[in-house]
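Asks: Here is how the chains run, residue by residue.
Number of protein chains: 2
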Amino acid sequence: MTLVGTNVEMVGGRAKVAGAVTYVADMEFAGQLYAKALRSPYPHAKLLRIDASKAAALPGVRAVVTRDDLAGLNPYFGTGVEDQPVLVIDKARCVGDIIAAVAADSKEIAEEAITLIEADYEELPAATDILEAAKPGAPLVQERHVDKNAGGNIHGVYRAASGDIEQGFKESDEIIENIYHIPPVQHGHIEPHVVTALWEPSGKLVVHTPSQTPSPLQEQIAKVFQMPLNRVRVIVPFIGGGYGGKNHARIEPVVALLARKARRPVQWILTREEVFYTGRRFGAVVKIKTGFKRDGRLWARKVEAWYDMGAYALSGPANTKNAAIIAGGPYNIPHRDYTTYAVYTNLPPAGPYRGVGASHVCWAYESDLDDIARRCKLDPLEVRLKNLIQENDRFITGETMISVGVSECVKQVAQSIGWNGIAEQEKRSDTIVRGKGLAVAIKSTSTPSTSAASVRLNADGSAILLTSTSDMGQGAQTALAQIVADELALPFERITVTFPDSDITPYDKSTSSSRATFHMGKAAQLAVGQIREQLFQAGAKALEARIEDLELRDSRLQVRGVPERSLTYPQLFKAIYGEAAGSLFGSHTLRTEGGIDAQGHGKGSSFWFYSAAGAEVEVDTETGKVRVLQVASAVDVGKAVHPIQCGLQNDGSALAGLGSALVEEMRYDNGQPINSSFLDYLLPSMLDHPGEFNSMLVETPHPDGPCGAKGMGEAALPPMAPAIGNAIANALSGVRVRDLPVKPHKIVAALSNAKERR
Amino acid sequence: MTLVGTNVEMVGGRAKVAGAVTYVADMEFAGQLYAKALRSPYPHAKLLRIDASKAAALPGVRAVVTRDDLAGLNPYFGTGVEDQPVLVIDKARCVGDIIAAVAADSKEIAEEAITLIEADYEELPAATDILEAAKPGAPLVQERHVDKNAGGNIHGVYRAASGDIEQGFKESDEIIENIYHIPPVQHGHIEPHVVTALWEPSGKLVVHTPSQTPSPLQEQIAKVFQMPLNRVRVIVPFIGGGYGGKNHARIEPVVALLARKARRPVQWILTREEVFYTGRRFGAVVKIKTGFKRDGRLWARKVEAWYDMGAYALSGPANTKNAAIIAGGPYNIPHRDYTTYAVYTNLPPAGPYRGVGASHVCWAYESDLDDIARRCKLDPLEVRLKNLIQENDRFITGETMISVGVSECVKQVAQSIGWNGIAEQEKRSDTIVRGKGLAVAIKSTSTPSTSAASVRLNADGSAILLTSTSDMGQGAQTALAQIVADELALPFERITVTFPDSDITPYDKSTSSSRATFHMGKAAQLAVGQIREQLFQAGAKALEARIEDLELRDSRLQVRGVPERSLTYPQLFKAIYGEAAGSLFGSHTLRTEGGIDAQGHGKGSSFWFYSAAGAEVEVDTETGKVRVLQVASAVDVGKAVHPIQCGLQNDGSALAGLGSALVEEMRYDNGQPINSSFLDYLLPSMLDHPGEFNSMLVETPHPDGPCGAKGMGEAALPPMAPAIGNAIANALSGVRVRDLPVKPHKIVAALSNAKERR
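Here the protein sequences line up with chains R and D, keeping their order.
Those letters in the first sequence? Residues 1 to 758, per the working numbering, in order.
Those letters in the second sequence? Residues 1 to 758, per the working numbering, in order.
Chain R extracted, bound-state conformation (with noise of 0.2 Å):
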C-alpha cells in the first residue's frame, strides 16, 4: 500500500472548483422537453376524475400522462415492495402524489399545463400520527401491503431478542422507562432530483439520473416497462449530494413514460418544494426500558420503535428490520427484547437517510445511558466502557463481533473535548451553563448485498476501473483508484474509475449504507487479482524465477529484491500477446454472506460500524438556547483509504447531527407539509457551526474489507445528536428533551417542569 492511506488528488476534485462538472440539469439534448406534474393536495383521496384534455390542447404541450397512459406497463413499482404507483391510479396517498404530468416546450409552458388538468377528488380520513396509523382501525394507506396480524398500517414487524427479558428485568437493581420522538428530517442535498429520459428509435429507453442505486434503478424501470435490461440504460453522472435520498426509483418512471409519449427528451428538475415532497428520513417514535445493575451494568433491555414509512416503503422495510438488531446500541447486555414496526402513513415517502434506521434508536439508548449512568452516579464514560461490546464478543444475532473498535471511539472523543470525569454543570453566569456530552453508535450495511467489478489493464500501465459506485461528493472514485492503483503499483493517475452506465458498468447494489469502499473496493481488488495472476504467470517465464518469488512494484514486476530483473507493463504484455497491445481483464462479482432470520438471528452485517461523537454546550437557561462549543466524532473507519475525504464526511455527518440536535425537522398540519422549504425549514449554517470540529479516524482492520478497510460515510452521523442532547442534559443537571430537534421552547418547558417536580 503506498497510495491508499494518503491524500492523492480527488478525482474531479478541478473540474468541481472549476465549476465545469455537467451534472444532469446542465445537460441538454436536441428536441428536450421540460416536465411539470400536477400533485395531490391532499394527504388521502380517492381521484375520482381527471381530465387533461385542456392541458394536451395548449400550444406547445408534447405529452400529458395520466393513469390512463399506464395500459400495458406495470403500473406499481418499489425496491422490495411495488407499492408506488408510476401515477396515482386509484387514490393519492400524500400530499404531493403525483396525478399527472405534462412535457412541454418550456418549463413555464408545462406550469401553466398543469393549471388546466381537472381532477376531482374524494377526500378519505388520513393516517398520519404514527402510533394512530399503527393501531387497528387506522384509515389504510396501503391495503395491500399491510401485515394482517399485525393491524393497522404496519406493513412489517421486526424483532431481535436474547436472553429472558423478563428475568432481566427481575435481575436489575433499577429500571428506567422512556419514550423518545424523532422527526423527519431532510436530506438537504444540494442539487435536488433531475431525470432526463429519452428514447432512442430503436426503442431503447435511455435515463440520465443522479440515482445511488443504478442497478436496481434500472431493474425497475425495465420491470414497469417489460424490457430486458440491455434496453433500460441508467446514466448517472456525478451527483451534487445523496444522503440516501436518491436511493429509489421515484420520478423516473413517470418521466420515461413522458418521454415515449411525446417521442422527445424529457427532463425534470424537482422544485426545492417538491424534493420535500419526494423523501425525507423516517421519523420514528422509540420506547425504551432498562434494566441495570448499580455498578452500571446494563442487565436487560427492551426497545419497540416505531418507523414511520409514509405513503411508499421503498427500503423501510429492510431499514425497520436492521434497527431491530441496533436498537440497544452497541452493548453487551445480559438479556435483549428489541422489536422494530414499519409503518405506512399518509404522509410522502421516507427511504433511508445518513444511518437508515440508527439515528433513531441511537438518540434513545445513548440519552438513556447518561440517565443510567446519572442515577448510579457514575462517570458516563466509564458506563460505556464497561458496557461497549469487545472484540469477538457476541452480539444479539448470536454472531462473534470483529473489528469492534467503538471503545477507542469514545476515549477518543472524550480525550479531544476534554473530557472531566463525572462531569458536572459548569455555570458561567446565572444563565449560563455548560455542558459536555458521549455518545456511541453502532450501525449495520446492507447484508447480503452484491457488487461486482471489472477492471481492464491496457498494455502501457494504465487501467480502468468499471463501476456502477456512483460519486456523490464523497469521493468513491478517489479511494477506488487508490485501491486499484495499489494492486497494481502503478501512479494513481493511471486509474480510471467510471461512472455508473448500466450499458457498460457492472452490477452494484447501491452507493448507500456505507457500502461502497468495503464492497466495491474488494470487488475491484478481486478483479484486480485476476489480472495479477495472469501477469505474475507470464513474468515467472519470461523472468525464469517462481511466482512466488516476484512482485509488481512501482509499475514494473520484479523478482523481489532484484529490480534488474523485472520487466515494464508493455514488456508484460508483449510477453503475453507478442505485442505491447491488448487488453488483459479482471473482473468480481461480490456477494457478500449474512443476513438475518425472523428471529433476528444470523450474520447482520458484512461489517459493523462503530463511532462516537462529543459535544460541549452552552445553554441559556432564560431562552432555552443552545450554543454548541465544540464538537468531536470518531469513527472506526477499518483502514482510511483517504484521511482527509474521510475526515471531511465525518464533519459532514457531525454537521447534520447537530442539525438533527437542535434544529432540523420536517413539520406537517394533518399530513400537509408546512416548512417544504430551505427558508422554513432550518438547516444549520455556517453560524451554527461549532468553534472547534474535530473528526478522528480509529482504524481496527477488517479482515474482509479492502486494504481492511470498513465503510465511514455515514457512521459520525447517529452519535451526534444523543451527544449533544447529553451535553445539553448535563448542563442542565439531568433535565432532558427527549423529542428531538431539542429546540429553546422545549429547554423552558422541561427546566420548568422539572422546578415543579422538585
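None of these hints come from the bench; they were simulated from the model.
Possibly wrong hints are sitting among the right ones.
Restraint ranges, calculated between C-beta atoms of paired labels, are given here [as the list claims (entries may be wrong)]: (1) R:M1 / D:G80: 39 to 47 Å; (2) R:R560 / D:K16: 54 to 62 Å; (3) D:E111 / R:P563: 53 to 61 Å; (4) R:E28 / D:I644: 36 to 44 Å; (5) D:N7 / R:E551: 52 to 60 Å; (6) D:H181 / R:R263: 49 to 57 Å.
Note that beta-carbon positions come from the ideal geometry of N, C-alpha and C, so glycine has one too.
Given the coordinates of chain R, assemble chain D onto it according to the supplied hints.
Replies: The following block gives chain D in isolation, referenced to the frame of chain R:
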C-alpha cells in the same frame, strides 16, 4: 446457430432512417470552437517564416497553433512510421499539408483568421511521379525514413518468392510482359473527417472522432501528448462511411492541440476539398511478366509493384508488404518472384482503401490472365480453374491454404452472367459490341493482430458486448450481437453492442482489413465461452446433471432433451450468487498467430479472402463509351452472419470497383490536385448502375472464424475492375487498356493503335 445466418433488423437501422443518429459533426459542446487550417499551397517547400500574430489578434479567435506550439510534445506521429508532424515543422511535403490551425467562435471567423496568417516558403523540387520518385537522386520527401539501400524515396522493399524464376521462364512455352498503371482514388465516404477534442479540467483529453482504429489512434495521441492511455479518451459513434479512409490518426492531434491552447472544445469538420488532401488509395505501377504452358498452365511469374504512399507512410509499408505475397494472384505457379516497393512522393498521403494493395496487382494479374487465355485459345474460366489454388495447396508463403472457395466463386459468377465458354465479341451493330469478363482475387487480412472483447451478462438474461469495433455502416454491431446472442441462446434484442470508447471498451487493432467479424466475432465468442463455463458449472450442480449433458437453448440451460429440467437465467444467477442480481463476466484478448519474414515466408494471413467478379459490357467502338450491362460478384465469406448485410457490402464494393474501372482517378498537375471535389472527381452515380447486379455468397467455413465466418467487407472490390476490363477486351477482340480508369479516349486510342499494328 439460430440467429447467425439470418437477416435480423440492423442495429441502428431505425435511427438512421429516422435521421436520429448523432454523428461527430452533430455533437455540440458548451463553449465549442470551430477550427480551420492554413495549408501548404506547394507540394514541397521549406517553411521559412510563419507569423500568426494578426490572426491571433482577430476578435473571436481563441487559439492559433503553429510549429511554435509543439514544444514538449512528440511532434511526429504515425501508425508504423512516425513521419507525420502535428503541423508542418521544417517543410511542407504535399499540397494541403497543415501549416497552421485556428480555433475561433465561428467557422467564418476561423476562415478569416487563416487569411491573416503570414507564411514564407522556399519551394523545393517535388517528387510526384512514382517511378521517378523511386529513383536515386529524386528529391527526398522523408529524408529520415527512406531505405538507403533501395535509394530514392523508397521506404521499403518487400519480396516473396518460390521456385526458381529464371528456370521457370526457361521452361515456359510463352511469356507475356506488361505494365499497368493504377491511379489514386478517393474513398468517397459521405461523412468527411471530423474531430471534436476537449480537455477536462483534470487534464484528461477527450476526442470524438469517426475512427476505424480507435485503439491505435488513442496510442498515437497519447504518445504525441506524452500521457498514459487512460488519460486520452477516444469515443467513436456511428461512422458515416470509412472504407479505410478513417484508419489513421490524421487531424486529431492538431485539433487536440488547439483545444488545449484554447481551453475549450474544438470541432473541425473538413471540407470535401480537404478530404481529398487527407487520404486516398495508393497509386501504383505494376510490372508483370508471366511464363505459361500452351495448355494454359501458369509456370513462372515475376511481379514488381511500386506503391505511391504520398508524403506520409501511414500503413503504406505494411500494405505494400502484404501486396508482395498476393502480387501474382490466387494461383498455383511453380516459380514466382514478387517484389513491392513502398515509395514516398510529394502527393497527399495515401492509405488503405477497400482491399488495400490487392486491387492494384489484381488489375494486372487478371488482365494478363485473359491475355494468356487468348494466346492459348482457351476459355479464360477454364484457365483460371486449372490454375486456381485448392484446399490444402501451398501458397508462396509456404503455408497450407484452407477454406479455399475461389473456384466456387468464379464458377458462380460465370453462371450468373451467362458465361459462354470461349466468349468472343458479340456485334450489336457496326459500332456497338458486347463482351463478358471474369476475374478472381485473393486478399490477406492484417496479420498478426489483436482484438479484445468483454461480455457482461445481466441477471435477467441480457448481455452487453464491450468492443472497440467501429460501426461505419457495415453492420458490425448487428453481426457481433448475432454471434453473442447465439452463444447465449438469447433473443437478438437482448444483446447490446457498445460503440468504441477507449475508457470503456477494450483494445482492438482496427475495423479495417475486413477483419472485424473474424477477429472480434471470435474474441466475443471466446469471451462468452467463459460465461458459459460458469453457467454450465452452476447449472450442473443445481440440476444434478453432468456438464456434458447440458445445453443452452431458448434462453434456458437445460438437460439435453429434457426441457423440464432447466433453469432460466435469473434462476442461474440465483444458483450462483443467491439472488437474481449481479453480473457474470467473460473476456478474451485474441492475438492471431502469423506474419511473414523477409523472404515472404510464414503465415501471410489469419484467414484469406477469395472472391470473383463477372461483368458484361457494351462498348461503342467509335466513342469508346462503355455501358456496364450486368455485374456479378461472389465472395467466400466462410459463413454469412447476416446475408443481407453481406450482400449489400458486396454491392457497394462492386459499384466502387466499377468506379475504379471506368471513371475514378485523383489527378495532379505537378503535385497540385486538380479534381478535389465530387463535381470534378467522378463517382459512379445511379445512372452508371448496371442493369443487373448480383451478389453471391460462397460459404467455405473457416475453422478459426466464429461459426466458420471469415471477413468479406472489401473482397468483392479487387476483381471488379479487371472483370470489367476483361469484358471490354473481350468485346474488343483482345484490344486492352492497361491503365485505369478505362476511359473512352483510352479505348479509342487503343483501338486505333491496334488497327495500325494490324
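Asks: Now tell me if each hint is right for this structure.
Replies: Against the structure, the hints:
1. R:M1 / D:G80: 39 to 47 Å: Roughly 41 Å apart at Cβ, these two residues keep to the hinted range, so it holds.
2. R:R560 / D:K16: 54 to 62 Å: Given about 57 Å between the Cβ atoms, the range holds.
3. D:E111 / R:P563: 53 to 61 Å: Since D:E111 and R:P563 have Cβ atoms about 56 Å apart, the given range 53 to 61 Å holds.
4. R:E28 / D:I644: 36 to 44 Å: Holds: the Cβ-Cβ distance is about 37 Å, inside 36 to 44 Å.
5. D:N7 / R:E551: 52 to 60 Å: holds (54 Å)
6. D:H181 / R:R263: 49 to 57 Å: holds (54 Å)
Hint compliance for this structure: no hint is broken.
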